[in-house]
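Assemble the whole structure, with the sequences as input and the hints as a guide.
Protein chains in written order, with this note's numbering: chain V, 83 to 614; chain G, 474 to 760; chain U, 53 to 377.
One thing to keep in mind: the hints can contain errors.
Unchecked claim - BS3-like mimics (lysine-lysine), calculated; alpha carbons at most 27 Å apart, straight line: (1) K256/V to K141/U; (2) K340/V to K530/V; (3) K418/V to K442/V; (4) K552/V to K150/V; (5) K141/U to K194/V; (6) K213/V to K245/V; (7) K494/V to K293/V; (8) K522/V to K113/U; (9) K518/V to K530/V; (10) K599/V to K341/V; (11) K293/V to K256/V; (12) K210/V to K200/V; (13) K340/V to K213/U; (14) K442/V to K474/V; (15) K380/V to K410/V; (16) K250/V to K229/V; (17) K200/V to K141/U; (18) K113/U to K493/V; (19) K235/U to K276/V; (20) K429/V to K439/V; (21) K276/V to K250/V; (22) K518/V to K494/V; (23) K150/V to K210/V; (24) K492/V to K442/V; (25) K341/V to K213/U; (26) K210/V to K250/V; (27) K200/V to K250/V; (28) K200/V to K113/U; (29) K584/V to K599/V; (30) K113/U to K494/V; (31) K113/U to K245/V; (32) K113/U to K492/V; (33) K276/V to K141/U.
Derived from the structure by calculation, the hints contain no laboratory data.
Remember, predicted model here, so these are calculated numbers, not experimental data.
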Amino acid sequence: MNRPVLVLAFVAGFLIASCGSKPDPNTYREGSIADVSGFLSAVTSDSASHEAAGYVFNGLVRYDRNLKLEGDLARSWDVSPDGLRITFHLREGVKWHDGAPFTADDVLFTYKKMIDPKTPTPYGEDFKQVKSVESPDPRTVVVTYEKTFAPALASWGMHILPKHLLEKYDDIAKSPLNREHPVGTGPYRFVEWKSGSKVVFEANPDYYEGKPGIPRVIVRVIPDQATQFLELKSGGLDFMTLTPLQYARQTDTVDFRKKFNRYRYPSMGYTYLGLNLSNPIFSDRRIRQAIATAIDRKQIIQGVLFGLGQEATGPYLPGTWVYNPDVKRFPYDPAKSKAMLAEAGWKDADGDGVLEKDGKKFAFTVLTNAGNESRAKVAAIIQQNLAAVGVKMEIRTLEWAAFINDFVDKKKFDALILGWSITPDPDQFDIWSSTKTGPKELNHVGFKNAEVDRLLEAGRRTFDQAARKKAYDRIQEILAEEQPLVFLYVPEALPAVQVRFKGIEPAPAGISWNFIKWRIKEGAEGKSALTH
Amino acid sequence: MANVTGANSLFLDTARRLSRNRLAVAGGAVILVLAVVSVFPTFFSGADPSRIDTANMLASPSSVHPLGTDKLGRDVLSRMIHGAHISLQVGFISMGIATAIGLLMGLCAGYYGGWADAVISRFIDVMLCFPSFFLILSVIAFLGPSIVNIMVVIGLTGWMGVARLVRAETLSLKERDFVAAARAQGAGDGRIIFRHILPNALAPVLVSATLGVAGAILVESGLSFLGIGVQPPTPSWGNILTAGKDNIESAWWLSLYPGLAILVTVLGYNLLGEGIQEAVDPRLKAR
Amino acid sequence: MLRYILRRVLLMPVMLLGISVISFGVMHLAPGGPVSLASDLNPKVTAEARARLNAYYGLDKPLHVQYVNWLSRVGRFDFGDSFAPDGRKVWHKIRERIPVTLSINLLSEAIIFLVAVPLGLYAALRRGSFFDRASTVGVFVGFAMPGFWLALLLMILFGVKLGWLPISGLVSLEYDSLSFAGKMGDRARHLVLPVFVGAFSGLAGLSRFMRSNMLETIRQDYIATARAKGLSERVVLWRHAMRNALLPVITILGLSVPGLLGGSVIMESIFAIPGLGQLFFQGVMSRDYPLILAELVLTAFLTLLGNLLADVGYAVADPRIRTGN
Numbered sequence: 083m084n085r086p087v088l089v090l091a092f093v094a095g096f097l098i099a100s101c102g103s104k105p106d107p108n109t110y111r112e113g114s115i116a117d118v119s120g121f122l123s124a125v126t127s128d129s130a131s132h133e134a135a136g137y138v139f140n141g142l143v144r145y146d147r148n149l150k151l152e153g154d155l156a157r158s159w160d161v162s163p164d165g166l167r168i169t170f171h172l173r174e175g176v177k178w179h180d181g182a183p184f185t186a187d188d189v190l191f192t193y194k195k196m197i198d199p200k201t202p203t204p205y206g207e208d209f210k211q212v213k214s215v216e217s218p219d220p221r222t223v224v225v226t227y228e229k230t231f232a233p234a235l236a237s238w239g240m241h242i243l244p245k246h247l248l249e250k251y252d253d254i255a256k257s258p259l260n261r262e263h264p265v266g267t268g269p270y271r272f273v274e275w276k277s278g279s280k281v282v283f284e285a286n287p288d289y290y291e292g293k294p295g296i297p298r299v300i301v302r303v304i305p306d307q308a309t310q311f312l313e314l315k316s317g318g319l320d321f322m323t324l325t326p327l328q329y330a331r332q333t334d335t336v337d338f339r340k341k342f343n344r345y346r347y348p349s350m351g352y353t354y355l356g357l358n359l360s361n362p363i364f365s366d367r368r369i370r371q372a373i374a375t376a377i378d379r380k381q382i383i384q385g386v387l388f389g390l391g392q393e394a395t396g397p398y399l400p401g402t403w404v405y406n407p408d409v410k411r412f413p414y415d416p417a418k419s420k421a422m423l424a425e426a427g428w429k430d431a432d433g434d435g436v437l438e439k440d441g442k443k444f445a446f447t448v449l450t451n452a453g454n455e456s457r458a459k460v461a462a463i464i465q466q467n468l469a470a471v472g473v474k475m476e477i478r479t480l481e482w483a484a485f486i487n488d489f490v491d492k493k494k495f496d497a498l499i500l501g502w503s504i505t506p507d508p509d510q511f512d513i514w515s516s517t518k519t520g521p522k523e524l525n526h527v528g529f530k531n532a533e534v535d536r537l538l539e540a541g542r543r544t545f546d547q548a549a550r551k552k553a554y555d556r557i558q559e560i561l562a563e564e565q566p567l568v569f570l571y572v573p574e575a576l577p578a579v580q581v582r583f584k585g586i587e588p589a590p591a592g593i594s595w596n597f598i599k600w601r602i603k604e605g606a607e608g609k610s611a612l613t614h
Numbered sequence: 474m475a476n477v478t479g480a481n482s483l484f485l486d487t488a489r490r491l492s493r494n495r496l497a498v499a500g501g502a503v504i505l506v507l508a509v510v511s512v513f514p515t516f517f518s519g520a521d522p523s524r525i526d527t528a529n530m531l532a533s534p535s536s537v538h539p540l541g542t543d544k545l546g547r548d549v550l551s552r553m554i555h556g557a558h559i560s561l562q563v564g565f566i567s568m569g570i571a572t573a574i575g576l577l578m579g580l581c582a583g584y585y586g587g588w589a590d591a592v593i594s595r596f597i598d599v600m601l602c603f604p605s606f607f608l609i610l611s612v613i614a615f616l617g618p619s620i621v622n623i624m625v626v627i628g629l630t631g632w633m634g635v636a637r638l639v640r641a642e643t644l645s646l647k648e649r650d651f652v653a654a655a656r657a658q659g660a661g662d663g664r665i666i667f668r669h670i671l672p673n674a675l676a677p678v679l680v681s682a683t684l685g686v687a688g689a690i691l692v693e694s695g696l697s698f699l700g701i702g703v704q705p706p707t708p709s710w711g712n713i714l715t716a717g718k719d720n721i722e723s724a725w726w727l728s729l730y731p732g733l734a735i736l737v738t739v740l741g742y743n744l745l746g747e748g749i750q751e752a753v754d755p756r757l758k759a760r
Numbered sequence: 053m054l055r056y057i058l059r060r061v062l063l064m065p066v067m068l069l070g071i072s073v074i075s076f077g078v079m080h081l082a083p084g085g086p087v088s089l090a091s092d093l094n095p096k097v098t099a100e101a102r103a104r105l106n107a108y109y110g111l112d113k114p115l116h117v118q119y120v121n122w123l124s125r126v127g128r129f130d131f132g133d134s135f136a137p138d139g140r141k142v143w144h145k146i147r148e149r150i151p152v153t154l155s156i157n158l159l160s161e162a163i164i165f166l167v168a169v170p171l172g173l174y175a176a177l178r179r180g181s182f183f184d185r186a187s188t189v190g191v192f193v194g195f196a197m198p199g200f201w202l203a204l205l206l207m208i209l210f211g212v213k214l215g216w217l218p219i220s221g222l223v224s225l226e227y228d229s230l231s232f233a234g235k236m237g238d239r240a241r242h243l244v245l246p247v248f249v250g251a252f253s254g255l256a257g258l259s260r261f262m263r264s265n266m267l268e269t270i271r272q273d274y275i276a277t278a279r280a281k282g283l284s285e286r287v288v289l290w291r292h293a294m295r296n297a298l299l300p301v302i303t304i305l306g307l308s309v310p311g312l313l314g315g316s317v318i319m320e321s322i323f324a325i326p327g328l329g330q331l332f333f334q335g336v337m338s339r340d341y342p343l344i345l346a347e348l349v350l351t352a353f354l355t356l357l358g359n360l361l362a363d364v365g366y367a368v369a370d371p372r373i374r375t376g377n
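Next up, the structure:
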């Protein structure tokens, strides 16, 4: 009976003794919750894939540290005085990873693929506004639009595809470049992709901005947050995005800070409570304002984000050029909220704690997606806030696909808690235009405002930033006044990076904007910087 | 009727043998306590399980909050007690559904034989070919993770064992003398099935039902881990444990108590089930 | 015996049809096309684009047309392309993950077998002893402990606190640069925790089955006869009882096939193991119909085969069935 025990002990001893190899200090290992689904960002829509593609590909333009557009594969560009024509001057001497030169033909090819119905891309809309794309010479691309279209410039951040490798494929999503071996112009060359476990890149010595400082990048797929955090602490990862809880309560230790630098900056998105405006209760603006007044955003930011976020006052990121801080706000005031509701005719006549009007109780259901802990917590807090002013809110959680397909797209909801990501270009026509309120369209709360419609049109028809700012400032004022969405908060991105990586400069764009300039600390190279 | 007194003394016999099995008694005691607590959650929990207190988040156990508070400052003890209500409800109702279907299928197949048996048996075989968690996952994801859906789906994917048991039992029972006697007296199929066969086939069903409750509680916790179990803010042991798993090291009370609760409960049901099985198995009497 | 096996084989097509109907039915419980897994709405992903994706994937056709199309393709072993943005052949996605899941689960199963069978037999022989009770509680604790919780506790202890074992994944990132022995060691080290957790939770079933089986066997007449013949207790137990108690294990092995292929969604998520379970879960969450269907059908089909083999094996091994009794 003892022999198996001995064998077990022996095996255990062997396993522990044969301690694994030391991690290579020249490799940057980042954790990702999800696997990459493909490398051609034209045909993927998940952030894991877009981040991986960012190592390999470039667009004509990109966002700089301050989220302003700058040239990438295009050295510079001119906009014609009428705003209808953009001329891109392409960079000289850029090569694809296989050695072929990058030319205007690649740009033309990319455009053709973006408007090709055979390409399953969700981003074709911006390119349909284009009237023509021409290249007078291999270093110049001229794009002409029917109407001035300001967001167009940003749309040329779309990764440029190598024509010589892709032209034989009808559907680029099914090409080996998407699934097996991407070839781009970017700072890193693809090495291997082990589905569900890791993607490996190595520095491109011929990159047009010079060879990146970190020789090797590995993206490790670790689906569980808790596992990822344990890997980080035990030295198996150099980078992960912390949860607010991890940032606030689990990493503020001497030990952790010795190994990792933590950063925080506003993330590009906001969370909101959306009210269905076709519901008679919510069509009354006073009610929406009363609800906004009843919600304690500070408590939400404290409870959900451990204080690591800020109040959202509109659909733009605080601190960016388009953000308008001088809009109407609805500070938390339950007494005032009650008064506002009473003014709108809602009173608690039968004394059960829930308001009534014309014999109907003020009760509704809020929907949110399953498995999102923050949104579940937001819902719980709002539920308690609203109960305090006599509004009964039920919470219903749905699995994401069903939530979007069956409820949001079909507008079968009273209210919902969701997040919008914020794009650096301020055009939000699809979200706020009264022409976008149909089923499956993005103005799912059904917001209709003639002045906003006019301003949205004005904002996208000029390249003049001052003129655009004026339009979007006013839009923010109206949205704040109307509260079609109760804007809740902008969370912070909370990355942690191993201390051996130097050259990180936090900026409005985050930390990864200058990733190719990061380098490994002197002395850490060549020998292990990690000890257990 | 002689049959009834026979069953009665069999029951007493069984109870006596069961009470001598210390593990089963311990399991039964745990279950009893939990059952009482979970039926009257509001009576046993002092604090409101959904009262949010952001000034008091992740407080360690103290006299005010004996099991500490969670990430929204809610009292863990009262969430555990209300969670017991939900978790046991999931366990019992899904077990009930599975047992009902299993009984029906098993009785039909065993009693009528022939085509009914062939069809039902093949259906059972087909269902057993699927990894049940795969089926549960797909259905919950498609229909949404409501408590009702969870209970129904666990039930719908868990009846095959019972059906096989009951079928085998029915096959042997229907050949017995008392069934033949009943039939000779002109009793109809329904009467024979429900008066004569069912009561005698109940013992193995009881055992598998006990194990079914335990299994369902575990399945719910697994679903919660994947984010599609009982949804917060409704507390279940599974989702309390899942919410606590991210800070096992810094707030141990968030995962330890729900983890232990699941462990002890499932253990209790298994030990009791085992005990019943040994106690009712007449073939073991000889020893 | 041949007739018995022939009957089972002839039933296979019927069973397969049943499997296909159930799989397809489960799949179409809820309407809706494939969606991105990201849970923020992105204003750049427009409605027309989503509609186009649906048409592209053929989701706008009526259900029965979809079923017939699908069935005829599956008959030719063509499971179609995944709805995921990678659009790869479903069969390729599954194929590359079968070895991972199968090897881990086979290892766990082997350990379960090696531990549970002696445990059950011994407990039966010492029925009511301290060993019997302790092993009962022990195996049930393994079963009753939520697996992901146990996994995390072990990861913290062995991975973070002691630093003895890797936390997640199948191999180290430096795997390719290791020597052959190093590679074996590296793989083994990564397998310890997942295999242990899997085996610990599965001990209860088999060991309890063995125990009750053995208890039943030693009460049989022929055991009494063997004893009466004056054979030593040792010979009686080992030669006669054990063999008969072990026979039904073949059936159990057949039934454990679905578990081998699909029982590990949670373990694969927590240990970041790219196996079939994780693939299935991601497929379910993103409504990747071809993938879900293929996995359901394939696992069910393999189970069917497993059961058939078990039946045949049982028939061969059991003299009572062999002689046509």
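Given the hint that K113/U pairs with K493/V, test it: the Cα-Cα distance must not exceed 27 Å. The hint holds at about 24 Å.
Taking 27 Å as the top limit, are the C-alpha atoms of K200/V and K141/U close enough? holds, 18 Å
Compare the distance between the alpha carbons of K276/V and K141/U with 27 Å, and conclude whether the hinted pair is satisfied. holds, 16 Å
Going straight from one Cα to the other, do K200/V and K113/U come out at no more than 27 Å? Roughly 19 Å between the alpha carbons, so the hint for K200/V and K113/U holds.
Regarding the pair K113/U and K494/V, is the alpha-carbon distance no greater than 27 Å? holds, 24 Å
Given pair status - K293/V, K494/V, alpha carbons within 27 Å: violated, 52 Å
Are the Cα atoms of K418/V and K442/V separated by 27 Å or less? Within the cut-off at roughly 22 Å; holds.
Verify the proposed pairing of K492/V with K442/V, using a straight-line Cα cut of 27 Å. holds, 25 Å
Hey, K518/V versus K530/V, does the alpha-carbon distance stay inside 27 Å? Since the Cα atoms of K518/V and K530/V sit roughly 9 Å apart, the hinted pair holds (cutoff 27 Å).
Quickly compare the C-alpha distance for K235/U and K276/V to 27 Å and report which way the hint goes. Given pair K235/U, K276/V holds - Cα atoms ~17 Å apart, limit 27 Å.
If you draw a straight line from the CA of K210/V to the CA of K200/V, is it 27 Å or shorter? Cα-Cα ~14 Å, so holds.
For the pair supplied as a hint, K599/V and K341/V, confirm whether the alpha-carbon distance does not exceed 27 Å. Roughly 21 Å between the alpha carbons, so the hint for K599/V and K341/V holds.
Of the numbered hints listed earlier, those contradicted by the structure are 2, 7, 11, 16, 31.
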